[in-house]
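Dock chains B and C against chain A, hints included.
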Amino acid sequence: MTWILFAALVQPQSVCVTCHPAERVQLEASVHSREGIGCESCHGGVPESLDEERAHSGDYRGVPSREDIPALCASCHADPTAMRPYNLPIDQFALYQISGHGRKLAEGDDRVAVCTDCHGAHEVRSASNPESPIFRVNVPETCGHCHADAELMADYRLSADVLDEYRGSVHGEALLEDANPNAPNCARCHGVHGASPPGFGDVAKVCGQCHGSAREYFERSVHKEAMDAAGLPECASCHGNHAIGPAGTELAEGVCLECHESGSPPAETGRRLLALQSATVHEIERAGELIEEAERIPLDVGDYRARLELARTHLQEAYPVMHSLDVEQVTPLTLSARSGAEDVQREIYEKLSDIRLRRLGLVLFWFYILLTVAILVRLRRQKKET
Amino acid sequence: MTDPHDRGGYSPSRRRLLRWLVRSFLSLWGLAGGGVVFSFLKSPRVGSAIDRIVPAASFSGLGVGEGRLVRHGSRPLYVVKVSEQEVVALSAVCTHRQCVLDWSRERKVFVCPCHAGVFDASGQVASGLPRRRLEQYRTSVRGDEILIYLG
Amino acid sequence: MMSDKPEQTRGAHGRGALLDWFEARVNLTEFFALLTSLGLFYVEVDTKKPLRLAVREALAKPVSSYAEWPRVLGPLAVLFFLFQVVSGVLLAFYYRASPSEAYESIRFILRDVNFGWLIHQTHRWGGQLLVAILILRIVRFFFGGVYKKPRELLWISGALLLLLAMHADLTGRLLTWNQISYWSTVRGAELIFTLPLIGPLLGFLVGGQEIGAATLSRFYILHILILPAAVFVLLYFNFATVRRVGLTEAASPTNVGGRRQYRDYLYNLATLVVLIVGVLVSLAVIQPVPFYPEIDLLSTPVEVQPPWYLLAPHVLVDVLLGRLPDLLKGTLFLASVVLLVLWPFVDRSPGKTMRERATVVTIGTLAFLLWVVLTIYGVALQNIGAP
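Chains as they are written, first to last, in our numbering: chain A, 1 to 386; chain B, 1 to 151; chain C, 1 to 387.
Next up, chain A with everything else stripped away, as it sits in the complex (with noise of 0.2 Å):
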């Protein structure tokens, strides 16, 4: 009797995890377990009593059947005068209610992800614990655990590759190997509870987020219209949507005609800024490589680099522009990128030169000498035979 007081005292959850000890090793984990939220929170039953009969009795609940689940978080998530202390946010019933999973949920299919899938059950981590499920760095594999479950997803018609497309994509190593924290995961495109894949026409204002300046360009450009009109998922279109590779020349070089007939004017603006864009990658890379030459030898490359790499950030500014479609916009920034690089080219191959005109000077100097001090000993023998 004593020992269930003093239990009670120290630990009030601990009776339950008498009978359930592997409950109570995810629990000391928990947030919930900190802020003294008992198994008869969302169990029900009698928490103090070590009888199964007892303790099972009452509002028992057993476990919660998964289409209750979310209702259950939200009888204290979306109570603002529970939640007010802790600033969490209360929107997220109403938003999982929006959303992909919560409108199959309401439909009776109870094999989408309810709370528990993403938060865990028991061992509820803080969103900034990396061990948490929902930590930025693992919320792709979490979302895998469907979305990349190849006979799960064959049911909802949803394609299974999107993890493996994701993660060898930019944003996918940027988070992944990088660990760049602004690196977007699918919450942030897709949304974290209101989770829907983004409408065809507010692509754009999905990847806007980031990608302000390419976004303001591209709804001023013909494709905004173009594409919303005929049903094209704007940005994903060009870029993909999932497997989104770095945007270089070769991104551009075969994408245009899968829209355009070739040969046709929209076609023909597309060849042009690819043109602009790979003699300007060219010439950088050229004068990149001269660098790393000049400075074998050693040649003094110190303002080289640094004038290379205003050339590279001009270029980079070209890249949000080129969704205007505007070769007259576009081309100011390419070709001071351009002319950059070609300067630096030009400045160390002078030098390049100077150096094997120095050389052959030297040789040839050498031989001036040797004519000279022959003269020089043979002047000298001369004089000695007075």
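What the hints contain is simulated information worked out from the structure, not anything from laboratory work.
A couple of the hints might just be wrong.
[As the list claims (entries may be wrong)] Result set (SDA-like, lysine to any residue): computed pairs, CA atoms no more than 25 Å apart in a straight line:
no.: 1; chain 1: C; residue 1: LYS148; chain 2: C; residue 2: ALA240
no.: 2; chain 1: B; residue 1: LYS42; chain 2: C; residue 2: LEU82
no.: 3; chain 1: C; residue 1: LYS61; chain 2: A; residue 2: GLY263
no.: 4; chain 1: A; residue 1: LYS351; chain 2: B; residue 2: ALA32
no.: 5; chain 1: B; residue 1: LYS42; chain 2: C; residue 2: ARG111
no.: 6; chain 1: A; residue 1: LYS351; chain 2: C; residue 2: ILE295
Frame of chain A; chains B and C shown alone:
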């Protein structure tokens, strides 16, 4: 006393020639040394390259076929946008009697108001009294700015 | 002999009238004697005779054994020094001795000034070669016994010349104000500051023991005015004592070579000049000193060592004897320098040949070998990145 320069059979004129050759050869050292020192001391484009680079006009502000007169010190220059990607920079001084040229956008030529000499957009003499072509300068575009390199 | 005036005859003019005009108003021979103080003529010049006569006499004076190659080190050192003066003056036209402008002015010289790279590189290499030549010269003096009475002053001026040349190189290095030169100067200066008495005195001279902006301007003055002036004075002493005591005859009696005239010696000098220019230009083209990155007072590059001629003392003092107290190390260092300079008063034995001075020669050889080994060790340390 034997003539120290009597090396078995050289005629006096030959000897003088040889002596002259040797002396000029050796004095090349002096000339070379003097040349190096003089060239060294002759201030090269003093200061940084900045002084030799002239910001001329805004690239986007210049229409295709438009030419603008730019002054650098006492030197007038013309910068002309010949196509949407290319600019040329030429001296604006007529090579005949040094009058300052006018650029005609319609005819795409430079016309001299003094004796009606005509230069085309690349600086070659098209017609009239001038003999030499206009001096051309290298350009590059930084950002929106056209820069002329005076070398 | 009268008909051909050698091109090298100083002061030879076609028009005697001009010369006479000057002779009547000023003692040109005195001026000539002044010029020869630097060793172009180490024979004495009679300033009472008119210039043409004095020069002709000087040229005709017989010289023996001057052509032996060991003796070339002296004139070679003078020629290098003159070259340094000329190239240094040229560089001074463009160099700016303030911390904010020094680095850029060097870059300007190397990149933009016509032949700037040539003058700069030959000046740098010339300095290194000058120090090397003076080292070899001292070594030659040692083994040749060229410090015995009455040639003590010759040795002393030679040793002091060596020290001055090292300091000139040290001060000159800092002027480039780049990462490597700055930190290697700091290393070298640290070493010198350990010397008791002299160390603090030198520290005072350069404006405190920390090498900073003030040091730059003081080093500049030292490098272009004070040290060259001191070198000139020592060169004067060097050749003045030679004029007084004469050149040493070769110890062996095999020197019966023809007594040549002094003018022939001048041909040799001309050849030397030509070859020196050739060597310096070759070094400037083939192995130019790299243009290091700009100075960063907050970061020391790992591989930096003091200049090569200070590597031996550095290794000895900082690495091998590192744990001894500074005062002891400094005194040891100072003692060895003083020993070097005042060596003639240490070894006063009359023996001339190597055999007669066997013990001294052995000790000297060992000391020199030790110096070489320490220097090589220092270079090796640098290559493996150790302090």
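Hints violated by the structure (listed by number, smallest first): 3
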